Structures are given as C-alpha cells and as structure tokens.
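Engineer: Keeping their order, the protein sequence lines are chains A and V.
Per the numbering used here: the first sequence = residues 1 to 79.
Per the numbering used here: the second sequence = residues 1 to 518.
A portion of the hints provided could be inaccurate.
To be verified - Each pair of labels, with its calculated beta carbon distance range:
1) Lys61(A) - Val230(V): 54 to 60 angstroms
2) Asn59(A) - Thr282(V): 53 to 59 angstroms
3) Ala18(V) - Ile7(A): 42 to 48 angstroms
4) Val42(A) - Ile410(V): 43 to 49 angstroms
5) Tyr15(A) - Lys289(V): 56 to 62 angstroms
6) Val174(V) - Phe38(A): 40 to 46 angstroms
7) Thr514(V) - Ile7(A): 35 to 41 angstroms
8) Val42(A) - Gly98(V): 22 to 28 angstroms
Keep in mind that the hints were calculated from the coordinates and are not lab data.
Every value quoted in this text rests on a predicted model; they were computed, and no experiment measured them.
Just so it is clear, CB atoms sit at the ideal spot from N, CA and C, and this is done for glycine as well.
Residue strings, one per chain:
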Amino acid sequence: MRPHFSILYRLFNFYYDGFRNISDWGRKVWIIIIIKLFIMFVILRIFFFQDFLHKNYANDKQRSEHVMDQLINSSDKHD
Amino acid sequence: MIENIDLSLVDWSRAQFALTAIYHWLFVPLTLGLSFILAIMETIYVRTGKEEWKRITQFWMTLFGINFAIGIATGIILEFEFGTNWSNYSWFVGDIFGAPLAMEAILAFFLESTFVAVMFFGWNKVSKKYHMVSTWLVAIGASLSALWILVANAWMQNPVGMMFNPDTARNEMVNFWAILFNQVAVDKFLHTISSGFLLASMFVLGISAWFLLRKREDLLAKRSILVAGVFGLLSSLLVAFTGDGSARRVSKVQPVKFASMEALYEGKNNAGLIAFGILKDTNKKIGEKSVKEFAFKIEIPGLLSVLTGGDKDAYVQGLADHMFGNEKLGIISVPDKIQRGIVARDALTSYKRAKLINDTAQIEALKGVFNDKDFHDKYFRYFGYASINKPEDVIPDVTISFYSFHFMVILGFLFIMIFSAALYLLFRGTIADKRWFLWIALLSIPLPYVAGELGWILTEVGRQPWIIQDMMTVSKAVSQISTGSVITTFILFAVLFTGLLISEISIMVKQIKTGPKH
Chain A
1 MRPHFSILYR LFNFYYDGFR NISDWGRKVW IIIIIKLFIM FVILRIFFFQ
51 DFLHKNYAND KQRSEHVMDQ LINSSDKHD
Chain V
1 MIENIDLSLV DWSRAQFALT AIYHWLFVPL TLGLSFILAI METIYVRTGK
51 EEWKRITQFW MTLFGINFAI GIATGIILEF EFGTNWSNYS WFVGDIFGAP
101 LAMEAILAFF LESTFVAVMF FGWNKVSKKY HMVSTWLVAI GASLSALWIL
151 VANAWMQNPV GMMFNPDTAR NEMVNFWAIL FNQVAVDKFL HTISSGFLLA
201 SMFVLGISAW FLLRKREDLL AKRSILVAGV FGLLSSLLVA FTGDGSARRV
251 SKVQPVKFAS MEALYEGKNN AGLIAFGILK DTNKKIGEKS VKEFAFKIEI
301 PGLLSVLTGG DKDAYVQGLA DHMFGNEKLG IISVPDKIQR GIVARDALTS
351 YKRAKLINDT AQIEALKGVF NDKDFHDKYF RYFGYASINK PEDVIPDVTI
401 SFYSFHFMVI LGFLFIMIFS AALYLLFRGT IADKRWFLWI ALLSIPLPYV
451 AGELGWILTE VGRQPWIIQD MMTVSKAVSQ ISTGSVITTF ILFAVLFTGL
501 LISEISIMVK QIKTGPKH
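From just these sequences and the hints, can you work out the full model?
Structural biologist: As structure tokens, this is what we get:
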C-alpha cells in the first residue's frame, strides 16, 4: 500500500474503531449532538434565523444604504 | 423607520441574547478549566507511570466529554442572532467582528475537534506522550478559541484599531494588533480563562468531596482534591489579580460603568471601597434620573482611590462628573458629547446627500474628513451620542451593576478560602473526616457558575445603552423584525437549552454515581 493510502486507512480505522467501541454515555451524547445540530442548522437556521440584510436587500450597496439610513435617522427611544 | 420601532422588540432581542449567552456560558468555562486539569493529571501519569493517575484522568475525561459534547456549537446560535436580530450592528462592525469569529471557528474546529478525538479514542492506540500532548493541545485550543471571542467583545467595550468607511457604512480594521492587544481584551481574556480554571477546580473538588462523603473512591478523591486544590487556589488568586486589573481598566475606558458598579454618584478624593452595601430608593437624582443611595454599607476608607489612582488622595470620578463634565479633569459632559455625535452624524448625512447628487468635490472633501484621525477622535468616536434623547439615558442600571459586581467579588474571596481550606485539611490528613467541609465543597459547585454569570451581567448591563461603547446604542443595532418572531425563538431557545442542560446534568450524575472504571 502506498504511504498516503496507509495513513488515510489508519486514520479511518482510528475513527471507525473509536466509534464502534464507543461507551454508553458516548452514544447518548452523540444522539444529543445530532438532534441539537438538526434543530440548530435545519429548523432554527432555515425557518427562524435568516440573515436579515441578505434576505431583504439584493446587494451590498442596498444593504449599506439601509444601515446608513438607520444610523443617520432620528434618535433612540429608551425606557 | 426607526421612529416606529417597537420598544419591546429591543427588549425581547436583548432578553434573547442574554438568555443564549448565559446558557452558553454554563458549558464553556468547565471545558476551559477541566481540559487543563486533565492535562495536568495526565502529565503526572506520564511522568510517574502510576496507573491510578490514568484511571483518575479517564474518569474526569468522561465528565469533560459530556460537557464538551453537549455544549458544542451552542455559541453558533449567538452568531445566528447577530445576522437576524442585530443586522445593523453586524454590518456596522464589519470585518472587525468577523475576523476574530472566523479565527475562533477555525481554531475550535481544527485544533479542538482533531485532538479531542485522540483524547477519547487514542488510549492504547497512540503513545502515552502523544496522547498527553493531544490533551494539552485541546486545553490550549479551547483557551485560544475563547481568546478570539473575547477580543471581539473587548472591542465592543473599547473600540480601537478601526476607521469608519462612509461609502459602506462599515468600520474597517486598520490595525489588527491594536485590536488583538487592546488592553481590555488582554484583561478580559486572563480574567475569563482563570475564572474557568477556578470553576473547573471547584467542580472537581465538589465531586471528590461527594465521593469522600459516600466513603467511595478514597484515592481518586484525595488525588483529585490535591490537583483541584492547588490549581483552584492559584486560579482564584489569578482571578482576584486580573479582576483588580480589569476593574482598574474599566475605570479608565468605561468610567460610567465603573461609577455605576461602585454606586459612586459624586466624584471624590480619598474615595472608600464599598466591601458591601444595600441600596434603597431615595429622592436623589442625577439629572432627571432617580438613583438609589446606600441604606447600609461597609466601606474601607481611601481604598478605591488607592486601587484606581495609586494614592489615597487620588480623585475617583463619579457619575455626576460624566453627566455634567469636569473641566479640571478634562471630562466632557454628556450634552457636549451629544453635540459632537450630531456633528459626526451631520457629516455622514452630508456625505450621503453629496453622493445622491454626485457632488464630487463635496464627496472628496467629506472623505478626507472621515479619514482624518482628529475628526475620528474628537467627533466620530461619539457618533452614538447623536441618538441619545436625554443625557440621563447613558446611565446604566446602577442597582444591577453594583450588586452583580459586589456579589462576584465576595464569591471570589470565598473561593480562595475554600481552596485554601481544602489543601490545609488534605495535608493534615483530616479532610475525609471533616464532613461539614465536604458538604461545603459539594454545595459550592454552582457558585463559580453564579460568579461567572454575574461577571458577564456586569460587563453587558454596565455598558448600557451602548452595544459599541459611545458609537452605537443597542436600539440602533437591532433589526426591524417582528417582536413575535423574537418571542417565539426566545421560547424555543429556552426549551432547547433547558433540555440540553437537563441532559447534561442527568448523564453526568449517572457517570459520577457509576464512578471510575476498575
């Protein structure tokens, strides 16, 4: 086997063995990680956390104009 | 238009960010500190060759793994919020915030993630030394990734190393090193990571105390108390030292926050340090704002002057100095800063108008103004004041600032006493018999979490109304989205994070009860 394939094989084996022999708590936390990442990147990111400026303005020029308007118009309201 | 912005949108956006940041900070400090404790324990194992240290390291590594895995990526939610809820702010800070966050992501992903795998899968597969180095690299990588987040936060407290580009409405980095070595960043980094070390030490001490209370794992518990006691005592002293440096820095770069955390309304010479006090409602006002005064206080005369100015006769600035100005000290009043902010805002308005009518001469002239350091230092650095309605609006919540600071300091001294007592009792050989102390150690596990959260509350509430000190208010930073969507995601986060926390605690408690492998 060529050296770089050997390294890749050993690396793959390292992770494969690690995951195959994972402990009980390790299995539980991996399930939690997968559920969490799904909620974060699929549900929250797609449905609730779209980038406001990218969603509402087509290009950087429009985005900077929008922010400029926010910066120079009026004052704040405070409690 | 911002005139029509719903105030509850600002408050809900604040609450949402506070909720996610507070939950995120429940996971991070244990990772920061426990990784170093593991590295120390494993180093002892490699140097002595004693198997008991390997078993001890592996036990604490399990708890580290649970915390690391459940806490992983919780910080990314904060980055989601920047783009959705704080889009004006995200745009305005430009690459100053983006570059450190990108560095954090790269470091966290490549360094921590790679070597965490070696830590957990590599026992008996790689050499002892390689494994130990991997553990050290995870610890160093965790602290380095925290560094970049703290650099970004420090810039918000003390914006340096940038110039504003009126074409893009963004701040651009002109001096990376000024941002990295911003004194606020240095103080914040040292104080924050040492507080993480302290927290993890208390975690190890408390759980070891539980084993001794249950008369289980005597050797593991005592060895762990030795490492946690020494590391915790050194860390708690470092926390006190860096906290003092940090407070001193705040007195220079955020004097309004400093006066608020000391509830110091009128500046004075020979100012006393309030060790503890209780605030009550009175008729006292700063401008139009009612403020609370002390119903009771324990004060050490002159110490605040000594700590901030190096001399008991040094003058310590009060809130009134900043509200009304102090010519003798060169402090500009808030109304004056508002005028300077308006000058900067008017220059930006003129620039926008000149671009609209394509007045090239005016455009070039105003570009020169924005590139002028003198204009930046005298006017643009007060840009945020242009949106302040009443001078009193720049005073943060004194009650929250005062109590969060003082309870944090009191807890800091308590931790020094607990670690000192643990080491004293351990070396006398009586720790296992002192059940009262073991209970104190066990029940103290949540206290460093409380202290850490209080520190962040002080940092963030104390600089209100600013999101970027003097340059941008929180109200200006918020995106014009519906309040309902912010409330929905607030509830979603509360459920998600509470679920994660319950999972972490239940899996951890189960593993602690199971104990180390024999």
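Engineer: Now tell me, hint by hint, if it's right for this structure.
Structural biologist: Structure-based check of all given hints:
no. : hint                                     : verdict
1   : Lys61(A) - Val230(V): 54 to 60 angstroms : holds (59 angstroms)
2   : Asn59(A) - Thr282(V): 53 to 59 angstroms : holds (55 angstroms)
3   : Ala18(V) - Ile7(A): 42 to 48 angstroms   : holds (47 angstroms)
4   : Val42(A) - Ile410(V): 43 to 49 angstroms : holds (44 angstroms)
5   : Tyr15(A) - Lys289(V): 56 to 62 angstroms : holds (60 angstroms)
6   : Val174(V) - Phe38(A): 40 to 46 angstroms : holds (41 angstroms)
7   : Thr514(V) - Ile7(A): 35 to 41 angstroms  : holds (37 angstroms)
8   : Val42(A) - Gly98(V): 22 to 28 angstroms  : holds (24 angstroms)
Hint compliance for this structure: no hint is broken.
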